[in-house]
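Number of protein chains: 2
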Amino acid sequence: MSILLKSTENYGNVYIEGGTIAEVGCAAYDADTIIDASNKALVPGFVNMHTHAAMTLFRGYADDLPLQTWLQDHIWPLEAKLTEEDVYWGTKLACLEMIRSGTTAFNDMYWHALASARAVEDMGVRAAISNVFIDVAGESDDGSDEAVRKKNRKLTGQLNKDYSDRIIPALGPHAIYTVSEESLRWIAEFAREQSGDMLIHIHVSETEQEVNDCIKRTGMRPVEYLDHIGFLGPNVVAAHCVWLDDREIALLARHDVKVAHNPVSNMKLAVGTTMRYPELRAAGVNISLGTDGCASNNNLDMLETAKFASLAQKAAANAPTVLTADESFAMVTRNGADALRIGSGAGSISEGSAADLLLINLLLPEMTPFHNLNSNLIYSAHGSCVDTTICDGVVLMHNRVVPGETEILRRASEVTYDLVNRE
Amino acid sequence: MSILLKSTENYGNVYIEGGTIAEVGCAAYDADTIIDASNKALVPGFVNMHTHAAMTLFRGYADDLPLQTWLQDHIWPLEAKLTEEDVYWGTKLACLEMIRSGTTAFNDMYWHALASARAVEDMGVRAAISNVFIDVAGESDDGSDEAVRKKNRKLTGQLNKDYSDRIIPALGPHAIYTVSEESLRWIAEFAREQSGDMLIHIHVSETEQEVNDCIKRTGMRPVEYLDHIGFLGPNVVAAHCVWLDDREIALLARHDVKVAHNPVSNMKLAVGTTMRYPELRAAGVNISLGTDGCASNNNLDMLETAKFASLAQKAAANAPTVLTADESFAMVTRNGADALRIGSGAGSISEGSAADLLLINLLLPEMTPFHNLNSNLIYSAHGSCVDTTICDGVVLMHNRVVPGETEILRRASEVTYDLVNRE
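Taken in order, these protein sequences are the chains called Y and H.
So the first sequence is numbered by the working numbering: it starts at 1 and just counts up by one.
So the second sequence is numbered by the working numbering: it starts at 1001 and just counts up by one.
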């Protein structure tokens, strides 16, 4: 399978073969598929580094509530009733939204992870898939640590074996307050034993209470505690990292931990402060962006998230020069692609890198005039500027049409209706 | 001219006659135009309460810079070269973007205001049009206060006489630091003399420096100073109002001043704090939303602005319950419509009110599932969810097509290219 993107505004002709960019700025080869890319800019696909995809089903179900009311009275009771079928259609809805807004890869953590993997496989995008791992306070499926471990071993085996390379198996220990120290140590060790040092996706220091509780329990702050138990490494994606002190930032940098920042969710749930981006960046940490789940955002639009990230940092630093459009653009493209290890050069337009690509429609008011592409993308446009989405060398959307979208909207609405009315 | 919106999801059939909603939830009358509104929700058109429309031409021209560098080295030199033709096409580009994102009315302040009025007239939306009024520090056109006054008298006369009712004449004293006390008094008096107590559009307390300079100069804070010189009244739209103390909030409430909040611009330019929404609301002030100009936002999407408003307030108050989706929705619809005096019931779906209306496409992932319309609009969707835009009973966009849009994009790009290369 080959694709020729003909006459892109910024790279001329681009030739894709298999799942890879074969040539940039080339002559007009013949190809299996030829796409007229005039008046369109070519950019790497966006990478959403922290989400719970199937939570699209809860979009708008409960907003503007105190955190504990929201979780305990609304979200958790629904989650307790979720079936594999729900998760499958919720994740398909998420993938549809992502394809339409230019996200070609995401880092997921949710229940019924095999259903998520199946949805990702069917939709053609790329995702690191982890099942939520919880074993504290009797919240594990059957109460036994060993059973949860066995389940995770089996699951990651299945994710490796039964799916294409677009599915990246990962481990999803929920957080330090929901997973025992013993299990965290087991997960870190298990991940290292896997070929390629398996990705671990964990929530870290989202709220001040998590920090205070950790200090009370262990005498250490969360990142220090994770360092102390040998958990940290380049395979760890730490979502949130809102409440960090200088020592923790140094630890994240030293262990090359990947930080997934979720500015929209952090503001909507009012976690109390703004992530220390300038200090994390100065320390050389790989910082990427995530939307978080649709119950706390409520969308999956990475360009919106990038704008929130830039503007929240400018406001927090009281300086309009902080987190520029170019930095935000890198955060939603190559920083995420590097963290998910999509391959050398991924997240950039370069020969040999993964063909996870977008064509941006420049004939839109929000893209006009064309002084600066990254500025228009980050500060002006939303995901609806994406005309064509390509993942792994396959066209998933062209002219804003994703095959089968009406059916996905219908089925997702149906399972949601059933879920909220289920006894 | 009559329009039947057939089978809207939330109001059934809605009948529009002339510029007015004639009947809501009615039988399926015959009409000049019948629009199938199944799978669509009907909402009032959005009102953008503070912008400089033609600044679309500067979108992405200079970002991520310190405020003074941005203004003095980039924006002002370009503005000095602006022609009527530039402003006409810049405003048309703005109107196109607004129509596509559901804004049917806006409150503008800019140079060459008659060109803006002509663009608004041609595009079919509604706008309060004011010319920037500056007379301090030799920045008035010809150095003479009287000449500026004469020009404003003539301009408001023309705006009243030569245009349709969709053009609302207004006065645009830039700010207390760019307009002399004498001129501010003159403007307040002149506005009161006009039939209907003419609207005044002014920047108030956007930066801390403005407050400090005002105290140094007058011994009073800006709102106190404006009260002291008899400037405040229900016809005043005060943009920004970021830096207010309790006494100023009470003064704004007492004089029924309309406050136009610009959360995106405030964060992007890093004005240093968050507008005191909870206190202003508690005082009963009419608070609406604006995008500000595209040089400091960089778009005109009111749904994005509403999300920023809600989330910034939640973050500032450290409480996810602050500025709910319903409040944000009111701010972008009826609060703005009331402030612009579009008529009784404007900004709501009610018989007898102005037919400034939107059909929202519900068959989109960001609108699915349909737990809560306002939540999906404010927290999940962007302006691209608008399928049909109607202003003053005339369909300006249907199925996301605005007649003549390619020509507007082309001409706006051309005048921009010419402007930045002009000697």
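For the record, the hints were derived by calculation from the structure and aren't laboratory data.
Please note that the accuracy of each hint is not assured.
Stated by the list, open to error - For lysine to any residue, the following SDA-like pairs were computed, each having C-alpha atoms within a straight-line distance of at most 25 Å:
| # | chain 1 | residue 1 | chain 2 | residue 2 |
| --- | --- | --- | --- | --- |
| 1 | Y | K161 | Y | T83 |
| 2 | Y | K150 | Y | N212 |
| 3 | Y | K81 | H | N1372 |
| 4 | H | K1216 | H | K1161 |
| 5 | Y | K81 | H | H1371 |
| 6 | H | K1081 | Y | F370 |
| 7 | H | K1154 | H | P1234 |
| 8 | Y | K150 | Y | S180 |
| 9 | Y | K216 | H | N1372 |
| 10 | H | K1006 | Y | S164 |
| 11 | Y | K6 | Y | E351 |
| 12 | H | K1006 | Y | D122 |
| 13 | H | K1081 | H | T1178 |
| 14 | Y | K6 | H | E1407 |
| 15 | Y | K161 | Y | S180 |
| 16 | H | K1154 | H | R1192 |
| 17 | H | K1081 | H | E1414 |
| 18 | Y | K6 | H | S1413 |
| 19 | H | K1161 | H | G1018 |
| 20 | H | K1006 | Y | S413 |
| 21 | H | K1081 | H | N1039 |
| 22 | H | K1006 | H | N1318 |
| 23 | Y | K81 | H | F1370 |
| 24 | H | K1216 | H | D1246 |
| 25 | H | K1081 | Y | N372 |
| 26 | Y | K150 | Y | H112 |
| 27 | H | K1154 | H | E1208 |
| 28 | Y | K161 | Y | V148 |
| 29 | H | K1081 | Y | S413 |
| 30 | Y | K151 | Y | D122 |
| 31 | H | K1081 | H | L1067 |
| 32 | Y | K151 | Y | A80 |
| 33 | Y | K161 | Y | K216 |
| 34 | H | K1216 | H | I1229 |
| 35 | Y | K216 | Y | G196 |
| 36 | H | K1216 | H | Q1068 |
To see whether the hints hold, each was checked on the structure:
{"no.": "1", "hint": "K161/Y - T83/Y", "in the structure": "holds, 23 Å"}
{"no.": "2", "hint": "K150/Y - N212/Y", "in the structure": "violated, 32 Å"}
{"no.": "3", "hint": "K81/Y - N1372/H", "in the structure": "holds, 21 Å"}
{"no.": "4", "hint": "K1216/H - K1161/H", "in the structure": "violated, 42 Å"}
{"no.": "5", "hint": "K81/Y - H1371/H", "in the structure": "holds, 17 Å"}
{"no.": "6", "hint": "K1081/H - F370/Y", "in the structure": "holds, 19 Å"}
{"no.": "7", "hint": "K1154/H - P1234/H", "in the structure": "holds, 24 Å"}
{"no.": "8", "hint": "K150/Y - S180/Y", "in the structure": "holds, 16 Å"}
{"no.": "9", "hint": "K216/Y - N1372/H", "in the structure": "violated, 40 Å"}
{"no.": "10", "hint": "K1006/H - S164/Y", "in the structure": "violated, 47 Å"}
{"no.": "11", "hint": "K6/Y - E351/Y", "in the structure": "holds, 16 Å"}
{"no.": "12", "hint": "K1006/H - D122/Y", "in the structure": "violated, 37 Å"}
{"no.": "13", "hint": "K1081/H - T1178/H", "in the structure": "holds, 20 Å"}
{"no.": "14", "hint": "K6/Y - E1407/H", "in the structure": "holds, 24 Å"}
{"no.": "15", "hint": "K161/Y - S180/Y", "in the structure": "violated, 29 Å"}
{"no.": "16", "hint": "K1154/H - R1192/H", "in the structure": "holds, 16 Å"}
{"no.": "17", "hint": "K1081/H - E1414/H", "in the structure": "holds, 15 Å"}
{"no.": "18", "hint": "K6/Y - S1413/H", "in the structure": "holds, 23 Å"}
{"no.": "19", "hint": "K1161/H - G1018/H", "in the structure": "holds, 21 Å"}
{"no.": "20", "hint": "K1006/H - S413/Y", "in the structure": "holds, 23 Å"}
{"no.": "21", "hint": "K1081/H - N1039/H", "in the structure": "violated, 47 Å"}
{"no.": "22", "hint": "K1006/H - N1318/H", "in the structure": "violated, 43 Å"}
{"no.": "23", "hint": "K81/Y - F1370/H", "in the structure": "holds, 19 Å"}
{"no.": "24", "hint": "K1216/H - D1246/H", "in the structure": "holds, 19 Å"}
{"no.": "25", "hint": "K1081/H - N372/Y", "in the structure": "holds, 21 Å"}
{"no.": "26", "hint": "K150/Y - H112/Y", "in the structure": "holds, 15 Å"}
{"no.": "27", "hint": "K1154/H - E1208/H", "in the structure": "violated, 35 Å"}
{"no.": "28", "hint": "K161/Y - V148/Y", "in the structure": "holds, 20 Å"}
{"no.": "29", "hint": "K1081/H - S413/Y", "in the structure": "violated, 53 Å"}
{"no.": "30", "hint": "K151/Y - D122/Y", "in the structure": "holds, 24 Å"}
{"no.": "31", "hint": "K1081/H - L1067/H", "in the structure": "holds, 20 Å"}
{"no.": "32", "hint": "K151/Y - A80/Y", "in the structure": "holds, 18 Å"}
{"no.": "33", "hint": "K161/Y - K216/Y", "in the structure": "violated, 42 Å"}
{"no.": "34", "hint": "K1216/H - I1229/H", "in the structure": "holds, 17 Å"}
{"no.": "35", "hint": "K216/Y - G196/Y", "in the structure": "violated, 36 Å"}
{"no.": "36", "hint": "K1216/H - Q1068/H", "in the structure": "holds, 21 Å"}
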